[in-house]
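Peer 1: The chain contents come next:
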Amino acid sequence: MAVDSHTIVAGGQAPGEAAPHAEDPMLRVQNLRVWFELRRFGFGHAGSVRAVDDVSFELAHGEAIAVVGESGCGKSTLMKTILGLYQPTGGEVVYEGSVVGKLGDLDLKHYRSRIGYVQQDPFGALPPFMSVRRILEEPLSINGVPAEERLPRVERAMQEVKLTPIQDFLHKFPHMLSGGQQQRVVIARAMILQPGLIVADEPVSMLDASVRVEILKLLRALQESHDLAVMYITHDLSTVRYFSERIFVMYAGKLVEKAPVRSLLSNPRHPYTHALLAATVDPDPENAKTLREVPAGEPPSLVRPPSGCRFHPRCPHFIKGLCDVEVPPEFETDPNHLTACWLYR
Amino acid sequence: MADRSLLRVEDLVLHFRTSAGPVQAVDGVSFSLERGQAMVILGESGCGKTSLAKAILRLLPRNVETYSGSVFINGMDVMRLDDEDFRRQVRWVKISMVPQAAMNSLNPVLRVGDQVAEPMMTHFGVSKADALTQVNRMFEHVGVPLDFVKRYAFELSGGMRQRVAIAMSLVTSPDLILLDEPTSALDVLTQANIMNVLKRVKLDMDASFILITHDIATSSELADRVAVMYAGQIVEVDTAERFFAAPLHPYSQKLMASVPRLRADQEPEFITGQPPSLLNPPVGCRFAERCPFRFEMCDQEPPLFDVGGRLTKCWLYDPALERVRAQEAGA
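Chains as they are written, first to last, in my numbering: chain C, 1 to 345; chain F, 1 to 331.
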């Protein structure tokens with residue numbers, strides 16, 4: 001696909017102006033590879049951790065996707081590479097026509113102002129010695145918003161995340177807030193520069209059940225009102241159906257299934273997706289009467305991942321001579337539903 | 001009489017002393033548990049559920065303001081024992097515990113096998129060789145490969161460490177095992193694995209569990225009975241069967257409605273407001289402020305009403321109000 005080069009403007013471009021063509025994806029990740037080198041005694045190559053290995057996808061303006069996978073599958077690395085915190089080892093991340101890894105410093109600053117980051121642990125993500133007002137003003141001052149404009153924008157952002165009455169919260173410090181309120185501050189901070197994309201790393205896993213839904217609904221509402229794209233990382237399949245359009249299932253550094261939510265839940269294709277769905281429970285007293293089917297073993301080491309399909313040592317449908325030899329390509333098993341599994345060849 | 005009663009907690013109170021005043025973490029909690037059963041204690045963070053576990057096992061910090069009530073195990077009130085007797089006779093003998101984030105509670109400088117063997121050696125004077133034989137049996141039971149006996153905690157994955165912690169709680173064959181959020185830090189597949197282990201242990205060993213968690217969906221994997229805790233008090237106790245079908249207390253109903261379902265097309269709801277501070281809990285029903293059914297009675301503290309064997313701490317189930325409610329339903 002041709003990169004829409006006229007949108008690349010050196011030195012950055014005012015947000016919102018000359019928006020790229022609607023059909024162009026906002027974000028395109030192409031054969032992305034992020035490997036971390038292991039060194040022996042501080043030098044000497046001792047292999048690589050292949051945290052993200054050959055991942056490709058596109059994200060449209062205003063679309064919400066959920067990346068689902070277990071810890072250590074590379075989902076956070078994928079996200080941090082999109083944020084520009086890690087350099088890709090191979091492949092590229094293209095945001096509105098600009099290749100992220102190749103941006104100059106100034107461009108990177110502009111790029112980061114276009115992407116909001118919602119961290120997993122709100123308390124850890126907020127500086128303990130700064131008041132809510134200072135926390136929210138900081139991105140504005142860094143990006144050269146004049147001092148007199150900052151407070152109105154802070155108040156507007158607080159209004160949007162429902163941190164009201166504003167005066168009650170403006171001068172509070174993070175430790176004086178509940179977990180849900182802290183996460184609202186984090187979201188307000190991510191929103192304050194009016195980004196086009198929000199990347200949320202397990203935004204609710206540290207929160208209580210009753211607050212979780214509130215925060216997820218807030219993110220959903222912001223997504224709709226601002227036409228935001230949201231990339232939402234989680235290990236909990238039960239929440240994704242309500243809050244995203246597409247699901248990507250990640251296993252050992254690879255996206256094994258990419259599908260619209262409905263299609264994935266009603267028609268899961270990859271054996272790993274099957275396992276994840278089978279392990280996700282709804283509250284039901286019948287659960288106590290049976291054991292759950294769980295694939296044996298644990299996710300592989302990303303230093304020496306299994307040959308062929310990385311799920312093959314745990315897969316109940318393993319085809320000898322194929323799955324352990326060749327990496328499965330993506331097959332379109334249903335409309336817009338891609339599955340990287342030899343069963344669908 | 002074939003008495004299956006194992007644990008009876010009566011009016012257990014645990015308040016902590018803080019500079020701002022006493023924190024009423026556990027305030028008049030009563031419930032009972034039969035042998036071979038699993039009781040789930042559901043509640044959100046800060047509701048006092050971990051304090052309840054610690055109060056039962058008398059694992060107390062220094063700033064205890066009030067600690068009273070009765071804990072009967074097999075008919076004996078262990079609250080009457082002094083600390084040394086309690087340690088010798090109850091902890092790890094009658095009740096063991098898998099603490100929260102058990103995977104990080106293992107000693108980093110001990111081999112996990114030695115660590116699991118330790119309670120047997122201290123409490124029953126078992127020789128190390130015998131203890132290690134028993135450790136092997138336990139590891140097999142919970143699905144830890146036997147060569148892990150000689151490994152250290154950091155060499156194990158989170159799920160394996162959790163299994164080790166469970167093996168350690170089982171190794172002395174206690175009457176009751178307290179599990180505090182045993183799966184909350186684990187991935188879904190590991191979580192399912194651990195719940196399978198617990199189910200198998202429950203069947204094979206006739207073990208009794210108290211499972212403390214905020215994860216309603218996962219708790220249904222093990223529960224025979226459910227108790228819901230809110231702001232230091234138990235507000236509902238019922239069988240799992242009835243509870244998961246339709247809980248009685250408005251808080252339980254809200255809590256159930258907040259669970260996102262994978263298999264049902266039901267938009268999850270959230271509970272507005274926040275739990276009250278345990279420093280100065282409201283005088284009446286502690287949930288009243290957030291309750292959609294609040295009425296004038298709620299300014300007084302409700303007792304635990306018995307509704308056909310289902311206990312609920314809510315004035316809506318006051319038999320005296322039955323007539324009024326019927327009228328309202330008609331209107």
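Since the hints were made in silico from the structure, they are not lab data. Here the structure is a predicted model, which means the values were calculated and not measured. Just to be clear, a hint being listed does not mean it is correct.
Unchecked claim - Ranges between beta-carbon positions, derived for each pair:
| id | chain 1 | residue 1 | chain 2 | residue 2 | range |
| --- | --- | --- | --- | --- | --- |
| 1 | F | Asp306 | C | Glu286 | 25 to 35 Å |
| 2 | F | Asp114 | C | Ser301 | 20 to 30 Å |
| 3 | F | Arg151 | C | Val327 | 25 to 35 Å |
Think of the CB as a built atom: it goes at the ideal place given N, C-alpha and C, for glycine as much as any other residue.
Peer 1: Does each hint hold? Answer for all of them.
Peer 2: Outcome of the hint check:
1. F/Asp306 x C/Glu286: 25 to 35 Å: With a Cβ separation near 26 Å, F/Asp306 and C/Glu286 satisfy 25 to 35 Å, so the hint holds.
2. F/Asp114 x C/Ser301: 20 to 30 Å: Given about 27 Å between the Cβ atoms, the range holds.
3. F/Arg151 x C/Val327: 25 to 35 Å: 33 Å, holds
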